[in-house]
Every structure is written in C-alpha cells, then in structure tokens.
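Student: Put the complex together from the two separate chains, hints included.
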Amino acid sequence: MCDPTKLKTPIRMQTPARDPARDPSPEEKSWESNTLGPALAKSPERQREFTTISGHPIRQLYTDADLAGWDPKTQLAHPGEPPYTRGIHATMHRGRLWTMRQFAGFGTAEDTNERFRYLLAHGQTGLSTAFDLPTLMGYDSDHPLSEGEVGKCGVAISSLADMEVLFNQIPLADVTTSMTINSPAPVIWAMYLAVAEKQGADWKTISGTLQNDILKEYIAQKEYIYPPEPSMRLVIDTFEFAVKHTPKFNPISISGYHIREAGSTAIQELAFTLRDGMEYVEWALRRGMNIDGFAPQLSFFFNAHSDFFEEIAKYRAARRIWYKAVTERYGAKNPRTWALRFHTQTAGCSLTAQQPFNNVVRTALQALSAVLGGTQSLHTNSLDEAWALPTEFAATIALRTQQIIAHETGVTNTVDPLGGSYFVETLTNEVEAGAWDYIRKIDAMGGMVAAIERSYPQREIAEASYRYQQALDKKEKIMVGVNDFVSQEKPLEILQIDETVAHRQAARLKKLRADRSQSEVDRTLLALKKAAETHNKPSASAKPSSANGALHHENLMPHIYNAVKAYATLGEICDSLRTVFGIYEETAIT
Amino acid sequence: MPEKRIRVLIAKPGLDGHDRGAKVIARALRDAGMEVIYTGLRQTPEMIASAAVQEDVDVIGLSILSGAHNTICPQLMKLLHEKGMDDVTVLVGGIIPEADIPALKQSGIAEIFLPGTSTQAIVDFIQQKHAKT
Chain A
73 MCDPTKLKTP IRMQTPARDP ARDPSPEEKS WESNTLGPAL AKSPERQREF TTISGHPIRQ
133 LYTDADLAGW DPKTQLAHPG EPPYTRGIHA TMHRGRLWTM RQFAGFGTAE DTNERFRYLL
193 AHGQTGLSTA FDLPTLMGYD SDHPLSEGEV GKCGVAISSL ADMEVLFNQI PLADVTTSMT
253 INSPAPVIWA MYLAVAEKQG ADWKTISGTL QNDILKEYIA QKEYIYPPEP SMRLVIDTFE
313 FAVKHTPKFN PISISGYHIR EAGSTAIQEL AFTLRDGMEY VEWALRRGMN IDGFAPQLSF
373 FFNAHSDFFE EIAKYRAARR IWYKAVTERY GAKNPRTWAL RFHTQTAGCS LTAQQPFNNV
433 VRTALQALSA VLGGTQSLHT NSLDEAWALP TEFAATIALR TQQIIAHETG VTNTVDPLGG
493 SYFVETLTNE VEAGAWDYIR KIDAMGGMVA AIERSYPQRE IAEASYRYQQ ALDKKEKIMV
553 GVNDFVSQEK PLEILQIDET VAHRQAARLK KLRADRSQSE VDRTLLALKK AAETHNKPSA
613 SAKPSSANGA LHHENLMPHI YNAVKAYATL GEICDSLRTV FGIYEETAIT
Chain F
4 MPEKRIRVLI AKPGLDGHDR GAKVIARALR DAGMEVIYTG LRQTPEMIAS AAVQEDVDVI
64 GLSILSGAHN TICPQLMKLL HEKGMDDVTV LVGGIIPEAD IPALKQSGIA EIFLPGTSTQ
124 AIVDFIQQKH AKT
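If you read the sequences in order, they're chains A and F.
The numbering used here applies: residue 73 is where the first sequence begins, and numbers increase by one.
The numbering used here applies: residue 4 is where the second sequence begins, and numbers increase by one.
Just chain F, with the same shape it has in the complex (with noise of 0.2 angstroms):
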C-alpha cells in the first residue's frame, strides 16, 4: 500500500547564513524518506508562508540561531492561520533560550529541538506526528 510521502519545508529565515544544520536536516529528513524542500537563506515570514501553500507541505522546520526567533515565530504562525494552514506541524531547531520556549509553544510552534538533538529524534517526531493510516 503506497503511502503519501510527508512533505516538509526546511527554511531559514532572518538575516543569518549559517546553514550548517539546515541542511543536515534537510538531508536527514530525505534519508528517512520524506520529500524535503529546502527554501535557501534570507526568508521572510512572507515568503516561508507563501512557499508552504504552494508546496503543500505538511510541516515546516525553521532553522534558526540568530535570537530572532521572538519577531519570526509569531509573524509566521499568524501568516500561516490566514492563510489556512492550521494543520501543518511548526517545529523550529536551534538557539532557543529555555525562557522563550513556553511563549514559542503557546503561538503554535510544535516543537522547539535544541543543540544536541540527533536527527533520529527528529525523525521520530515527524512520522509519529503524521502517522498515515
């Protein structure tokens, strides 16, 4: 019985460029069997948002290390909401002060992975998530 790949955005939004672990994601995700898009660097919440609807996509990993995660998270989550995608899964990895995290949740972020988390992890939460039956 074929199953519907799950399908994720791996985006980098702010101004940072260290993509080190974007990708190392990116490509994880891949091995495990997901169809993986990555966005590439400097994507505003705008465009994270747009790329989600046109791809389609049932989760969206934001990779970010700059402390911007306060101003990104909560413009994207409410972009996501007019455009619709309640539904998809909002997992943001890693510089994260433990103080912000509660806040994170709140607006809708899935799940917040920081620094040391294998991508077995990962992986393990995104299938359990969307487990199709």
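Extracted from the complex, chain A is given alone in its bound form (with noise of 0.2 angstroms):
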C-alpha cells in the first residue's frame, strides 16, 4: 500500500532544504521514515515552503542536530552575563518590570500636556514624546512649508516656552522623558535641560533618552536636514556633552524601529541598526572619546513586528552581536557598555485599517514578543494607528495590553522561558550570523556613512518591501481583513487636529519674538555659529567615509543652550546651522 521509498522525494520537497552538515541522531531518523513519512503520504502539510514574515525558510521540526556544535556554555550563558543571550539583568521582569513608555503627542504643547498627566495617572511609567513634522524638520510653526502640518503627527514645539508648557506640573526629576527627534535633537534636548534646570532638577539625576540617530534618518524615516557629517559632528558633540553633565540620560536611541517600518526584513533591522551602533562608536573614539565612558550611555530602539519567534531571536541575538562587537573591535571593559538596552515598539506597518480592532490582537501578540526578548522599555500601539493618531480610547487600551501582559500573563515569573529551546536557540543563531553578512559587507564599503552614500541599506530594504508587497498582492502572504477575511465595518472615531492649532502657535510665536531681547538672540545665534564654522572641512581629495569631521572642533551644545535660553527659536536655531553646514539631499531611488 505505502511504499517508503517512493515517498522519500515529496518528503523533501516538502521540507527546506537541510544544512549537509546536520546529521541527526538515530532516533530522528526513525521518526522520519516511521512517523513523518507515513503521516505526509496521509496528508501533506499546507505549504510547500514555510517562511517568516521576513522570508526566511523554517524547517517542520528543530532538535537537537540543529544545535550541533552550539556551546550553551558561551552562546547562551546566564542572564545578566555575557554574552546576555537570556537577557541583561539576573533578575530580568522578575526584579523590575519594564517601562511602559507610551508615545504621545499631537496638537500644541497644551494638548499633549494633558495627554501625557492623563497617562501617568493610568499607570504608565514614562515618558515619550511625538513631535510634529516641521518641529523634526527644523522649521517654526508658522514657516510657509509648515503649512498644513502643525500639530498633526505630534506636538508642535517652536521654542523653550512651548516646553515650559508641555511639562508643566511634570517633575522632571521623578519622570524619565524620551524624545523622539533627530536632525534637530541638540536643541530639544537643550530646551528639555532649559526646562529641568527651571523646575529645579538635577541633571547629574534626570533620566530619559533622546532618540538623536541621524544615521537611520538617512537609511529609512528620511527626516534629516543637513549631510552625514555635519549630522554626525552633532551627535557625538550630544555625547560628550551627556558624559559631562547628564550621567543618567541617554543621548541616543540607536534605531532599528524604522527601518523595519519602511519595509526591512528581520535580519536587515538588526544588522543596520548594530552597524549604526558601532559607526557611532567609531566615530566618537575618533574625537577621542573613551569607549567605557560614553557607550554605557548608548541605547538601542527595536520594531516587535508580527512574525513571533523571529523577533524573539531577534532581540537575543542583538545583544550577542553588541557584546562581541564592543568586546572584540573597540576593546570594551565595562560590562555596562557590553549590555544591549533597548526599547521596543510594535509594528506601526502591521496594523490594518480595515477591521481596525483586530489590531489589539496584534499589538499585543508583538508586546509579548517584545516582553519574551527581554525588552527593557516598551510603547504598544493603538488601534487606531492606521488612520491617525490615537483617541484617549484606544491609547487607554494599548496602555492596558501592557498591564495584561505583565500582570496576568504569568510570562515575567521566569526569566527567558524560551531559552534552550532547539527552534528559539538555532534561530536566533541564524539571524545572528545573517546580521554579521550584512555588518561585514558594510564594513568592506568603509562603514555606514559611506553605504549610505551609496545607498546600500536604502536599496536593500526598498528590496525587501517590494518583495513583501508581493507576496501580499499574491496571497503568499495573508493580512487578515486585508487580502483575507475581508468583512465590511462601520469607520472608527478618530482624533482630528484642526488648523486652529497653527494658528495658536503662529500667536505665541508672534508675542514671543516681541517679548524676547532680540539682541540677546542675535548674540546667542552669531556665537553658535562661528563655533560651528571652527569645523575643520576634510580636505577634497579625502574620500567622505575616511573624512572625519569629528575632529578638533569647539562642542556646539553649550551654545545652543545658550540660544534656546535666549528663547532663539527652534527654526532659527537650526537655520543658522543650515547656512554653516548646507542641506542634505538624497539621490531618490525606486
């Protein structure tokens, strides 16, 4: 009836193709041939191939000959040890839950001022802020290319007197604040300090994290204002300025969350944003910096997107990678500086504005993802995510999701349950060692600034979300109530930011510039911008990878402080960086 031999070929066809190096043990074999053999002649599995979201091939069963070879004794360790496989504390969520860090921001400074002492009130642990896009930009509010966009994706935040406001009644000194801004982060940052220093906090104390990567800009979210060099002479100048006088903050969120959003595949996520890391720390090594005084401080942002297990190995294998790459290339002693630390946040690209509810399901299926990697901080998104940003209903229940995980669930009562488990443990290998690929080749090309000049990173994930846009148009891939399970349903009450907010901030700008001493401003601004010119140019003929601008140059935080205290604004701020610096402009590629 069922003759072995003739089932040998669909067997295979029906598994992804075996490493030849894997031998399993007598006992799979018979499993195979008596258990597996017969049950596939039955009834063969669904699929031809089964892969993760990212594409990557999953084999129907994991044992022990998949971890031949694998030490458990270096690659898995202990929590709290390197190479911090299981996690970076002993205790993990045992000893402290994480932070639950919801990202918030619309309208003026008032808006999200209420929004943020309305999260605090429901539980949540910190901070995190969403500014709107001429603030990212660099532009005032009432800058004619703002139009149409202030307030809308975030709070609109001109100059240290919306700060003021937007903290207000916030104790700084008790509330870890994260800021999401990039190009222009030294001059939020130094209204945030501005802010601190009026409440009467200490900066030796105040805790938070600026996102401050200019490199992801330039690879994903695209919101950058002057070229990589400039941009990077601004960061490491954040850096010192953090060591010196804010021990606790961290001045980077070294960022893999947007990478991901603009289509990466899981392994292209972690191997951009860990050679992002390590570029930073090139970079700030070249101007002299000490690698265990400034890397503690370093931390790192992650996407949880929808695919379980690969993310899960995901965060493992990431603290593996920056373990070996601060021990083994810059000489790291501090085991702060071998600790990967990170914040998650889920999957903004997952969520579907058809059946918008079900993305409570999703949001939380990636939180627990998140939670089981050993995350140290996480924003869970809201259901509303695919149409605006959120309501006080929705972000309530994203709020909750989190409360869930930690309180009911019962996954913080161990810490990595997953650990040692054959399909947790090889993937987790695997994507360590397609990460390293990408960093070795990236390394080949001169580091990140030099890929990024020739568009490496943008081309690989432009790749990889053409690729997945197709596997979607082609139901290779199922989004449900996308292109399956499609249902009809009445549309969501969503928030709506009206153009009264442009119009408020254009007021407060116009009485600011009439309170202020203008005199102080043009004293402040013409300083900070001959320390800017003190830059040295590289020298033409220097190939821009190899040009190190870091070097021999004046810090130009203090003078932005300076600036933003003389309540210069945010755009002008920027504007006279953009006169010493230039623009950047991308070569567009589809």
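Keep in mind the hints are simulated off the structure, nothing from the lab.
Don't take every hint at face value.
To be verified - Here are the simulated lysine to any residue pairs, SDA-like style, with alpha carbons at most 25 angstroms apart:
{"no.": "1", "chain 1": "A", "residue 1": "Lys547", "chain 2": "F", "residue 2": "Ala102"}
{"no.": "2", "chain 1": "A", "residue 1": "Lys582", "chain 2": "F", "residue 2": "Thr74"}
{"no.": "3", "chain 1": "F", "residue 1": "Lys132", "chain 2": "A", "residue 2": "Leu192"}
{"no.": "4", "chain 1": "A", "residue 1": "Lys549", "chain 2": "F", "residue 2": "Gln123"}
Tutor: Okay, here's the thing in structure tokens:
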C-alpha cells in the first residue's frame, strides 16, 4: 500500500533544504521514516515552504541536531552575564518590569501636556514625546513649509516657551522622558534641560532618552536636515555633553524601528541598527572619547513585528552581537558597555485600517514577543494607528495591553522562558549569522556613512519591501482583513487636528518674538554660527567615509543651550546651522 | 500596434519622509509597463505641478500619510487648473480619514487609495482610465 521509498521525494520537497552538515540522531531518522513519512503520505503539509514574515525558511521540526557544535556555555550562558543572550539582568522582569512608555504628542504643547498627565495618572511609568513634522524638520510652526502640518503628527514645539508648557506640572526629576527627535535633537534636548533647570531638577540625576539617531534617518525615515558629516558631529557633541553633564541620560536611541517600518526584513533591521551603533562608536572614538566612558549611555530601539519567534530571536541575537562587537572590535572592559539595553515599539506597519479592532490582538502578540525577548521599555500601538494619532480610548487599551501581559499572563515569572528551545536557539543563531554577513559587507564599504552614500541599505530595504508587497498581492502572505477574511465595518471615530492649532502657534510665536530680547537672540545665534564654523572641513581629496570631521572643533551644545535660553526659536537655531553646514538631498531610488 | 506608454508622476508632497508606499507604487506601475517619474521627497504643490507639465504626464500619484492632504490637494488642483492640466488624473494614496474623502473628490482628485490596497487595483484603475484606443 504505502511504499516508503516512493515517499522519499515528496517529503524532501516539503521541507526546506537541510544543512548538509546537519546530522540527525538515529531516533530522529527513525521518526522521519516511521512516523513523519506515513503522516505526510496521508495528508501533506499546507504549504510547500514555510517562511517567516521576512522570508526566512523555517523547518518542520528542530531538534538537538540543529544545535550540534553550539556551545550553550559561551553562546547562551546565564542572564546578566555575557553574551547576554538570556537578558542583561540576572532577575529580568522578576526584579523590575519594563518601563511602559507610550509615545504621545499632538496639537499644541497644552494638548499634549494634558495627554501626558492622563497617561501618568493611568499607570504609565515613563513619557515619550512625538513631535510634529515641522519640529522634526527644524521649522517653526509659522514657516511657509509648515502649512498644513502643524500639530498633526505630534506636538508643535518651536521654542523653550512651548517646552515649558509641555512639561508643566510634570516633575522631570522623577519622570523619565524619551524624545523622538533627530536632526534638531541637540536643540530640543537643550530646551528640555532648560526646563529641568527651571524646575530645580539636578542634571546629574535626571534620566531619559533622546532619539538623535541620524543614520537611520538617511537609511529609512528621511527626516534629515544637514549632510551626514556635520550631522555626525552634532551627535558626537551630544555624547560628550551627556557624559559630562547628564550621566543618567541616554543621548541616543539607535533605532531599527523605522528601518523595519520602511520594509526591511528582521535581519536587515538588526544588522543596519547594530552597524549604525558601531558607526557612532567609531566616530566617538576618533573624537578621542573612551569607549567605557560613553558607550554605557547608548541605548537601542527595535520593532516588534508580527512573526513571533523571529522577533524573539532578533532581540536575543542583538545582545549577543553587541557584546561581541564592543569587546572584540573596541576592547570595551566595562560590563555596562557590554549590555545592550533596548526599547521596543510594536509594528505600526503591521496594523490595518480594515477591521481596526483586530489591531488590539496583533499589538498584544507583538508586545509579548518583546517581553519574552527581554525588552527594557515598551510602547504598544493603538488600534487606530492606521488611521490617525490615537484617541484617548484607543491609547488606554494599548496601555492596558501591557499591564495585562505584566500582571496576568505569568510570562514574567521566570527569566528567558524560551531559552534552550531547539527552535528559538537555532533561529537566534541564524538571525545572528545573517546580521554579521551584512555588517561585514558594510565594513568592507568603509562603514555606514559610506554605505548610505552608495544607497546600499536604502536599496536593500526597498527590495525587501517590494518583495513583501508582491507576496501580499499574490496572497502568499496573508493579512487578515486586507487580502483575506475581508468584511465591512463602520468607520472608526478618530482624532482630528484642525488648523486652529497652527493659528494658536503662530500667535504664540509672534508674541514670543515681540517679548524677548532680540539682541540676546542675535548674540547667541552668532556665537553658535562662529563655533560651527570652527569645524575642520575634510580636504577635497579625502574620501567622505575617511574624512572624519568629528575631530578638533568646539562642542556646539553649550552654544545651542545659550540660544535656547535666550528664546531663539527652533527654526532660527536650525537655520543658523543650515547656513554653515548646508542641507542634504538624497538620491531618490525607486 | 505600438501604444504610447502611460506616463505617471509619483510625488511625495509635504515634510513627511515615509516613502515606502511611494516607492512600492512607483515600482509596481513600472513593472506594469508604465513610464514612472518619481519626484523624491518634500515637493511643494508648485514643484509637483511644474514637474507634471514638464514631463507631460497622464497621471499624478500623491503619497500623503501626514494629515496634510486637506491643505496640499486643493493647492495642487488649483495650480494644475491654472496650467491647463485639467486632463491629468490625480490619485492620492495614504492615510486619509474617510470623512475627508468627499471634499477631496470634489476638488478633482480622481480616486483615493487607502492602506491595504493591492498594487494591482491601482494598476487596473489607471489602465482603465487611460485605455488607449
């Protein structure tokens, strides 16, 4: 009836190509012929190939044969010990839960201040600020290019006066704040530090995170102002300033989130983000900084996409790669440098405009992967993400989702509960190996700035994003409610930001410019420009990648701080730097 | 019988830099045999209208995710009208609240494609609209 020799070929067709070095045990071989073979003969598997959402092949079963040659003593070890595969703390979430940090910001500073206080009152443990597009691009709310964009994607902040309102009645000595701002990050940070100072909070103890990751802007999110080299100079200036004045503040959050949202695979997200991290380290070392002095203040930020195990493998591999990179490449000796700390946000791009309540489920599962992967801080998206900024109703469910994971599911009762799983450990190894391949390729190009100038990561991401869209169009991958299981639903009630925000901001700026001391503004802006000009331009013959403008110049942070305190606006400060540094325009690839 | 290829300008207006959708659409339309020009980021309505005239396009596809559509679209439609480009088909793709759709269509936008639209649906729409006889 059933001839096993004839079954051989169809079985092989249904499993991805096996590693030729893989040597299954006699028991596994016997299982294959006696149990698996007949089962497949009776009813074949649903698909010819199984892959992650990133297209990574997945086998039907993982066993000890997949981990042959893998040494758990050095590759897994114990939590709180190198290479940190199992987490950076000995007790992980048994000791302290992750920080529940919901990204929020819309309208004017008053509007967002109200939302901040609402979230804190409902058990949120840290703040995270979303700025509007004019702020992200270094324009004041009344700039012509800001028309139609003020307060839409985040809060409008044009000067220290706005920042004072944003954090009104929020004690910066106690609350940690994350700020999603990149090109204008030094200016926004100076405003934050000025508010902290006014509140009497000690800079030495305040804590928070500045995103300040310009490399991923060139790669993915595209909110850049200046060319790469002066932008890197500004980043390293903030590192120096942070080491000296704010030892508890993370001056950067090296971000894979936006790389993934732009359509990358999990391995690309991991590789480009960690190679960005190495790029910052290298520029700081060339500035003469000490790795163990600044690197403990570097933080990371990853996406939590929908492929559950691939994401968990990604976080575990991230810690291992960073440990290896900082010890082997840069000789770090400080365990605080070795341990990769990260924030996670669930994947906005995975959420659907169709049947939006399904997004609560997607977000919960993604958040669970981040928790199982050992995150230090988490943002869960709201169900209306594909339509607009969240309503208070949607934002509350998103926060409650984290609280349910933390307090009801029991997943926090033990550290790294998936450690030792044949599948999770194998996938962690494969994701790590894939990332190192990319990292070495970028090394060979001369580093990340050089790779960006060749559009290398941009092109890789565009390819991956097109492949995924084609898979959706062909229904090789399913998005529930989008290309399958479609049904009609009533439109959601969403948050709408009207143009009165822009008018209120314009009026406030007009008053600010009338009330402040213009001569003080002019004086501080001129000093800033002069300091910016001290920058050593690379010689014309030097290759952009090797020309390191981070050397020998004056740190701009104190000058920016002085201008901010004189109530110079964000736009005025960024314009001063634009006149010195110029602006960046990318080569558009499609 | 050689057909004139449909010419499409894909544009990314406003300050937003999220260009995943614009790039995917540009490539899908090109794969479907259309001639596609991508403007790159941060194009003002004036820049888009001039590019449309210069490139003599049949279709303009705007990718807008930032909520600035109610400002950008009417400005562009007015400029196109002034330049005698009333025949050009203007499409919008992105995050557009359903409540805003009637007014956008009123201003002359031919169709609005929301998140989750397949690239084939957009190809079909353009080909039907510009079926050359």
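Student: Work down the list of hints and note, for each, if the structure agrees.
Tutor: Results for each hint:
For the given pair, Lys547 of chain A sits about 30 angstroms from Ala102 of chain F by alpha-carbon distance, which is inconsistent with the 25 angstroms threshold. A C-alpha spacing of about 23 angstroms is found between Lys582 of chain A and Thr74 of chain F, which places the hinted pair at or below 25 angstroms, so the restraint holds. A C-alpha spacing of about 52 angstroms is found between Lys132 of chain F and Leu192 of chain A, which places the hinted pair above 25 angstroms, so the restraint is violated. Of the pairs offered as hints, the one joining Lys549 of chain A and Gln123 of chain F holds, with about 16 angstroms between alpha carbons and a cut-off of 25 angstroms not exceeded.
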